[in-house]
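Engineer: So you can see what is in the structure, the chains are spelled out below.
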Amino acid sequence: MSFPKHLLDFQGWSRAQIESLLETARLMQEVLARPVKKVPALTGFTVATVFFEPSTRTRISFELAARRMSADVVSFAGATSSTAKGETYRDTLRTLDQMGIDAYILRTDAAGVPHQAHRWLKKPVINAGDGWRAHPTQALLDAFTLLERLGSLEGKKIAIVGDILHSRVARSNAELLPRLGAQVVACGPATLLPAHLPGASLTTRLQEALEEADAVMVLRLQKERMDRGLLPSIPEYIAGYQLTEARLAWAKPEAPLLHPGPMNRDVELEGTLADSTRSLVERQVANGQAVRMAVLYHVLVGKQ
Amino acid sequence: MTFKSRILNQDEVRRALIRIAHEVIEKNKGTDRLCFVGIHTRGISLAKRLVELVERFEGKRVPMGILDITLYRDDLSEIGLQPKVRETRIPFDINGKAVVLVDDVLYTGRTARAALDALIDQGRPSRIYLAVLVDRGHRELPIRADFVGKNLPTSRAEVVKVKTQEDDGEDAVELWEVP
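Protein chains in written order, with our numbering: chain G, 1 to 304; chain Y, 1 to 179.
Be aware that one or more of the hints could be misleading.
The calculated DSS-like cross-link candidates involving lysine-lysine, where the alpha carbons are at most 25 Å apart (straight line), are [what the hints assert, rightly or not]:
#, chain 1, residue 1, chain 2, residue 2
1, G, K5, Y, K84
2, G, K38, Y, K84
3, Y, K84, G, K37
4, G, K123, Y, K84
5, Y, K84, G, K303
These are computed hints drawn from the structure, not numbers from a lab.
Only chain G is shown next, with the shape it has when bound in the complex:
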């Protein structure tokens, strides 16, 4: 099987390719469990993490994934670079490209830049989050973690709760999970819901979203939303939408809880829930590395 030589979103990726990628991620877990957590598969490749927007876990996860595969890694942070002096994305990327980079892992606060970069560079580009649009590796690691717990996503109801409007994680999950057979319900206050979310049904009623859910994904509530008048107050959001032990009881027994992080404990969810046996939050982080190793392998190895 050949694979697309980029991961901007899931366009161009078939269900079989996605399932094969997730199977590779499962095998990468075995590498990560070894005393020597390194294989030579990407020896000779140089990968650049180009983050025009701050990130800790995604960048470190990608960099470790690349190093575990023996790629050389260069790291670029927009805030401390020439873009801060006014250089455009295109010029910055084209400059880097003169230094022999083989693949780009790109995060931007503007939607669509990874697509443009793929055209400018003619090299593999992996989207590590662009604006509100897409965060495909987060969705892949969420799907991987769900599959690990639930076995299959066929016919499973997955509730996504929180600020759906501004969430690239919600968009990518709504694009990916139905392809694997799941039914996605996105829930939040009306001001934080988009008019339409491809792949998901929308509701403002938390109980409706959670009832019979096989898994619940909670998103971070960004406090700046309040400044823009999208929420009356944090206590009001908590009253209507915070995931509590009692509300989680609406979902199926043992339905796992996911959160892409970083978490605002006791805002979008009760802090104790994050540490409960139902929480897969730490598992998501661990799985992120195996999933990103699989993505790098499929994007870089072999010709199309």
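We have chain G; now place chain Y onto it with these hints.
Structural biologist: Same frame as chain G, but now just chain Y:
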């Protein structure tokens, strides 16, 4: 591809494996600290047979693991279609063990080299042996097998196909020619 001849039939494959099993026991002076690791795909089936034969002859079950060498190939940046990564599972400690790596065909030696790297990443065996059903020559690396079922001089235009009951429904070694 054109069929040329059948090199080994079912009985001959069985006898070759029996001989290899005896040789392994002989060379290792028994089964102490011995283990087998089969290389995907047919190396696994052959390793299973060798484990069963060693158990039959010595009355002891030795551990067996499976090894995928895909992530260790030296041509990953040059190949066309991407090779599928498969499972590696060595559910025992190989430190200090005598490991018999098992593969169906020894050709250029590149798979064996990759398998050595993959195995050494899992620990430090006291000794690594290489057992193959067929050695067809054309080595590109300084590698040789310790146990060989059949030495088969071939041309590069020929293809050696090892079939196993588990993977192909029959045991055989066949010679084919690429036009």
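Engineer: For each hint, tell me whether it holds in the structure or not.
Structural biologist: Checked hints:
The hinted pair formed by K5(G) and K84(Y) meets the criterion: a straight-line CA distance of about 16 Å does not exceed 25 Å. For the hint linking K38(G) to K84(Y), the alpha-carbon distance of about 18 Å falls within 25 Å, and the restraint holds. With a C-alpha separation of about 20 Å, the suggested pairing of K84(Y) with K37(G) holds against the 25 Å cut-off. As the CA atoms of K123(G) and K84(Y) are separated by approximately 22 Å, the hinted pair is consistent with the 25 Å bound.
Among the hinted pairs, K84(Y) with K303(G) is consistent with the structure: their alpha-carbon atoms are about 14 Å apart, no more than 25 Å.
Checked against the numbered hints above, the structure violates none of them.
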